[in-house]
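Produce the entire structure from the sequences given, and follow the hints as far as they go.
There are 2 protein chains.
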Amino acid sequence: MDRYRVIFWPDGKEAVVEEDAIILEAGNVAGVHINNLCGGEGVCGQCKVRITKGIVEKSTKSVSLLSREEIQQGYVLACQTSVRDNLEVEIPVEARLEGEQILTEGETLMFSIPEEIEKPPQEEGGVSFYSPLTTKMHLKLPFPTLEDNLSDLERIYREIQRKVKISDPEIELHKIRGLARTLRKNEMSVTVTLGRKNNNFKIIQIEGGDTSKRNFGIALDIGTTTVVAQLVDMNSKEILGTKASHNRQSRYGEDVISRIIYACNRNGMEPLNKAVIGNIGDLVKSLAREKRVDLDEITAVMAAGNTTMTHLLLGLEPCFIRTEPYIPTATSFPVMKASDVWIPAHPDGFFGVLPCVSSYVGGDVTAGVLASGMGDSSKISMLMDLGTNGEIVVGNNEWLVCCSASVGPAFEGGGLKCGMRATQGAIQRVSISNDHVNYSTIGNVKPYGICGSGVIDVMSELFKNKWIQPDGKFNAEKANSRVRETVEGQEFIIARAGESEGGKDVVITEYDIGNLIKSKGAVYAAATVLTKSVGIDFQSIDRVFVAGGFGNYLNIEKAIMIGLLPDLSLERFQFIGNSSLSGARMALMSNHAFEKAQEIAKRMTYFELSVNQDFMNEFIAALFLPHTNQNLFPSLRGLI
Amino acid sequence: MDRYRVIFWPDGKEAVVEEDAIILEAGNVAGVHINNLCGGEGVCGQCKVRITKGIVEKSTKSVSLLSREEIQQGYVLACQTSVRDNLEVEIPVEARLEGEQILTEGETLMFSIPEEIEKPPQEEGGVSFYSPLTTKMHLKLPFPTLEDNLSDLERIYREIQRKVKISDPEIELHKIRGLARTLRKNEMSVTVTLGRKNNNFKIIQIEGGDTSKRNFGIALDIGTTTVVAQLVDMNSKEILGTKASHNRQSRYGEDVISRIIYACNRNGMEPLNKAVIGNIGDLVKSLAREKRVDLDEITAVMAAGNTTMTHLLLGLEPCFIRTEPYIPTATSFPVMKASDVWIPAHPDGFFGVLPCVSSYVGGDVTAGVLASGMGDSSKISMLMDLGTNGEIVVGNNEWLVCCSASVGPAFEGGGLKCGMRATQGAIQRVSISNDHVNYSTIGNVKPYGICGSGVIDVMSELFKNKWIQPDGKFNAEKANSRVRETVEGQEFIIARAGESEGGKDVVITEYDIGNLIKSKGAVYAAATVLTKSVGIDFQSIDRVFVAGGFGNYLNIEKAIMIGLLPDLSLERFQFIGNSSLSGARMALMSNHAFEKAQEIAKRMTYFELSVNQDFMNEFIAALFLPHTNQNLFPSLRGLI
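Respectively, the protein sequence lines represent chains W and D.
If you read the first sequence in numbering that gives the first Met the number 0, its first letter stands for residue 0, the second for the next number, and so on.
If you read the second sequence in numbering that gives the first Met the number 0, its first letter stands for residue 0, the second for the next number, and so on.
The hints are simulated quantities; they were obtained by calculation from the structure and are not laboratory data.
It is possible that part of the hints are untrue.
You can't tell identical chains apart in this list, so a pair holds if it fits in one copy or across any two.
Stated by the list, open to error - The calculated PhoX-like cross-link candidates involving lysine-lysine, where the alpha carbons are at most 25 Å apart (straight line), are: (1) Lys139 - Lys601; (2) Lys174 - Lys196; (3) Lys531 - Lys162; (4) Lys57 - Lys601; (5) Lys12 - Lys236; (6) Lys273 - Lys212; (7) Lys601 - Lys162; (8) Lys164 - Lys196; (9) Lys290 - Lys164; (10) Lys201 - Lys174; (11) Lys465 - Lys601; (12) Lys273 - Lys174.
Structural data, given as structure tokens:
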């Protein structure tokens with residue numbers, strides 16, 4: 000079979016693939032990533048690429064999702080186009096995941112992880128109370144004699160116990176088969192991978208020789224919208240790389256409810272499960288390839304996600320999450336094997352999932368509480384995790400309460416006319432002065448759309464400059480060339496077509512602003528009801544941790560100005576980015592942290608808001624900028 | 000396809016089978032058992048049956064293993080003959096396992112199991128420290144509400160913990176899949192099967208409704224010669240049935256050494272492993288069928304066997320057991336699943352194996368120490384387990400020492416001219432007075448051969464009556480019609496052809512007696528060296544437990560007379576039959592006993608005799624009746 004070279008631009012990375020390979024696969028081989036919402040089914044049109052050299056056949060599907068103009072310019076769908084020539088392919092900004100700035104705590108973590116976890120006190124031999132989920136240990140066994148005639152397996156146990164004080168670890172039968180020869184072929188030198196489940200240890204594998212330097216783990220954040228994977232060196236604790244992709248389940252519904260409905264239809268579970276497993280598989284394989292790690296060297300995986308995402312990942316029925324009284328199948332999960340869920344790693348590698356609290360407060364929130372350290376402090380803190388759902392946690396080392404409200408996708412850049420995720424080309428900061436709009440984009444490139452943090456900025460600036468009124472309507476007096484009337488209502492032009500990457504105006508519409516007011520109102524109302532439920536007010540809260548997929552930036556002051564965050568002094572706030580991923584990584588790297596997560600999940604008391612009349616009242620009161628009760632925002636008094 | 004009826008005589012049991020079914024299989028279906036040493040390969044000739052009605056085709060193999068006379072009488076090999084007609088089949092005594100008296104402690108146990116294990120103090124809910132390996136628990140869960148919105152799995156945990164004080168049990172992912180529907184289909188009524196591994200519990204299955212009354216277990220004794228299975232009701236602790244068969248591995252070698260050699264040849268492991276798994280499978284299926292137990296209702300299996308048998312059962316390399324310094328792959332074994340080794344039971348049912356001590360002291364001996372209770376007593380006891388290997392244990396609740404000596408198959412009826420296992424038709428008791436021989440057979444039928452206990456009797460009677468001399472040679476003065484000269488030397492006729500089932504004399508030859516002297520000498524020498532090694536003599540031993548496959552009878556006095564057992568007063572001896580099976584059953588029925596077995600195995604100190612010069616000296620000194628040093632047998636002074 001003929002082989003062809005495909006060069007991808009602007010990176011110049013290349014792949015040599017067999018005839019009829021799909022361009023999308025060639026991209027995988029080359030290590031460049033092409034947006035692919037529908038999992039390669041040719042229905043989302045996200046993977047448009049332009050052929051700049053070489054000849055391809057255009058598929059019918061490819062053609063139907065492209066404009067005549069695009070076809071003339073050489074655009075095709077990467078998932079529908081086979082390689083039958085040496086090609087050069089340009090990946091346009093909207094199809095690139097490469098430069099994506101999805102929040103990964105490695106890049107953005109601004110708060111400190113408790114020192115004990117980051118730098119655990121090492122006992123001799125390296126397995127301490129703070130040891131990671133898996134540890135490799137090189138053993139040089141003494142050769143057996145008539146006097147020292149312990150069996151092979153007990154000889155291994157004895158040597159482990161000479162290094163660390165543990166009782167006999169568990170082991171599966173198939174690991175013992177062939178052990179006699181492995182030992183004798185390697186002159187009694189072996190490396191044992193020990194997995195830890197609470198206080199029990201298990202031998203995951205026994206390799207000949209010394210492989211102890213090669214032990215890797217994966218932390219996963221399984222978001223409704225985005226899946227993030229992080230490759231970690233289990234010995235040095237170094238983060239080797241982080242990759243993210245759009246959750247392929249999106250084609251079955253944008254929010255958890257529509258996915259539950261899909262999953263609970265006949266045969267609906269399998270495609271949803273396969274979609275997210277496919278996401279994870281591609282991310283892990285791509286990280287491993289780039290960092291030259293064998294998949295078998297990945298011996299531990301830890302995932303955090305909301306309750307529905309966790310159910311779909313594990314293949315658990317999510318059906319009763321949706322209907323009163325909202326019961327998930329499980330909120331705590333056994334430590335599994337990577338192969339139980341088809342994650343590409345050592346098949347017997349440990350796979351852990353952070354525990355959930357209830358149907359609408361998941362392992363991502365447990366991870367956030369863990370990562371923020373709020374469960375360890377005697378002072379009261381609040382965690383606000385703002386994704387498609389907004390979860391609020393309030394508490395300290397004695398008590399924790401939590402609730403969840405449907406927020407909509409606006410803060411993740413979804414559901415807005417020009418919204419986009421926090422990736423390259425997204426407007427993330429906006430300021431307006433003297434009718435002049437200043438903005439900056441992720442990657443400092445031409446703007447393509449606007450992400451969550453940009454949306455908060457633009458709203459607060461519009462409000463501050465009185466372009467919009469407290470009810471979110473445009474101010475007729477301010478009408479000028481930046482505000483225009485369309486068939487769908489008024490909209491404000493942030494970046495003009497001439498400045499933008501896509502050649503179109505980047506705008507925010509009155510309808511967008513209405514949606515954003517509902518989103519911020521839901522968050523504020525939830526936080527209000529939750530604090531009231533424990534008899535405190537916002538002033539009693541010492542620290543507020545804000546987490547979410549806003550990008551790597553959030554202007555707290557502007558978020559207060561639109562009434563999203565309570566009006567507290569700025570130094571009480573801390574933006575902690577993707578705390579779901581940081582929490583997962585902490586549990587991966589420290590059994591102590593994993594146990595703490597289990598304790599946190601059990602300790603959190605869940606308040607169900609869906610049937611709460613107070614919440615409805617508070618929500619309605621919050622549908623104003625910043626709020627119908629301006630006394631709640633004293634610092635804005637001069638402004639309003 | 001046509002179906003035919005096959006009636007088996009003398010039982011009259013019948014089976015309807017499809018055309019071309021093998022007669023051996025038809026026997027399985029009918030629930031009658033036909034001896035089948037070679038696993039149905041047509042090479043051992045053990046499964047001769049006589050067709051008394053109907054027509055069969057005689058296979059070439061069938062014919063080559065039968066005499067012309069047998070062929071004329073209608074004999075065929077059951078394993079080589081297809082059913083193509085309605086048949087009546089007579090199973091001759093030598094091909095029948097049905098009436099086999101292989102020792103099973105249910106029938107022969109004469110000593111008491113510690114009461115705590117037999118009648119454990121029940122905590123509320125039935126899971127006590129003395130609980131069996133698996134327990135079924137019916138749970139009626141409260142329906143979830145908005146106030147009581149625990150997940151399905153945590154709801155089950157809570158209900159279990161209301162009954163018994165345990166932490167959250169382990170569970171495998173696939174058990175949780177579908178749980179939501181199981182609960183709601185059964186109106187929140189489920190039965191949980193809890194398996195116990197030391198202090199950890201695991202949920203083996205969750206069934207809809209109340210199935211708690213149906214929970215069964217299997218105890219297994221995997222002997223080199225014989226495999227015994229026992230079906231137990233895990234609730235009532237009642238033994239429902241016991242079945243035994245010849246270990247099909249015998250075709251690859253009669254003793255452990257020849258089987259190790261076979262297993263360590265290319266591809267040698269698989270047939271040996273399959274052979275014993277086949278044994279177990281047939282026994283379990285047959286017990287289940289007879290007692291109307293579904294295989295899925297068998298949730299626990301516990302096996303005991305010598306170290307080599309345990310390795311071959313689990314598929315572990317036994318290769319280094321055979322060569323100095325004699326190292327097994329493992330002596331302790333994880334609790335596995337029945338499906339890990341293809342035992343027909345609930346696929347996730349717990350499968351435990353009693354721990355071994357060393358290459359030549361196995362789980363059967365651990366079981367014997369457990370069953371005898373000698374490890375609990377402050378007084379010193381000795382266990383003598385006399386099979387193809389003889390294992391001796393001496394000790395008390397503070398120390399235990401053990402050793403093993405190759406004894407040969409004589410005490411199991413093997414390797415003798417007319418030897419047979421302790422099954423129907425075997426001469427088991429013999430007395431000689433005034434040149435007259437009295438004997439009795441198992442099943443009180445015509446004698447077909449002689450088993451271990453009969454052999455000990457006849458030797459001691461010949462010695463007492465001076466038919467043989469202390470060196471085992473026949474006394475020329477006593478020569479008469481019962482002693483005759485053959486080309487192979489002299490032999491003594493125990494039963495004449497006219498009285499016997501096979502129509503041949505049942506004899507014991509001078510060569511047989513020579514072999515038996517070596518066997519008894521090895522046992523006595525091993526016991527001597529072991530007691531000396533701890534600085535005591537036989538008189539310090541309070542109790543002697545004798546275990547082994549002698550049949551359900553052993554005359555201690557006569558065993559002392561030939562110098563097999565030390566010369567202690569008779570009340571110190573206790574014959575405990577198949578203590579390997581009783582120990583396995585105890586560990587199956589009591590986690591406390593299983594833990595105790597693990598403690599016993601770790602506590603036993605092994606003495607290697609193969610390189611011990613003392614042992615060689617003692618062995619040579621013991622090659623006399625009763626011993627070269629007659630002072631060791633003061634009670635026989637009058638006789639000798």
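Evaluated hints:
For the identical chains of this complex, Lys139 and Lys601 are inter-copy neighbours only, at 23 Å across copies versus 42 Å inside a copy, given an alpha-carbon limit of 25 Å. Taking the shortest alpha-carbon separations for Lys174 and Lys196, both the intra-copy value of 18 Å and the inter-copy value of 19 Å come in at or below 25 Å. In this homomeric assembly, Lys531 and Lys162 never come within 25 Å of each other (Cα to Cα): the closest approach is 52 Å inside a single copy and 37 Å across copies. Neither within a single protomer nor between protomers do Lys57 and Lys601 lie at most 25 Å apart by alpha-carbon distance, with minima of 55 Å and 72 Å respectively.
Proximity of Lys12 to Lys236 under the C-alpha cut-off of 25 Å is found in neither arrangement, the shortest distances being 29 Å within a copy and 70 Å between copies. For the homomeric pair Lys273 and Lys212, neither the shortest alpha-carbon distance inside one copy (33 Å) nor that between copies (40 Å) is at most 25 Å. Within a single copy, Lys601 and Lys162 get their C-alpha atoms only as close as 34 Å, which misses the 25 Å cut-off; across copies the closest is 20 Å, which meets it. For the identical chains of this complex, Lys164 and Lys196 are neighbours both inside a copy (15 Å) and across copies (20 Å), given an alpha-carbon limit of 25 Å.
When the C-alpha separation of Lys290 and Lys164 is checked against a cutoff of 25 Å, the pair qualifies neither within a copy, at 34 Å, nor between copies, at 47 Å. Taking the closest pair of Cα atoms, Lys201 and Lys174 come within 25 Å of each other both inside a single copy (11 Å) and across two copies (21 Å). With identical chains, the CA atoms of Lys465 and Lys601 are never at most 25 Å apart, being 47 Å at best within one copy and 82 Å at best between copies. Proximity of Lys273 to Lys174 under the C-alpha cut-off of 25 Å is restricted to the inter-copy arrangement: shortest distance 19 Å between copies versus 29 Å within a copy.
Of the numbered hints stated above, those contradicted by the structure are hints 3, 4, 5, 6, 9 and 11, listed in ascending order.
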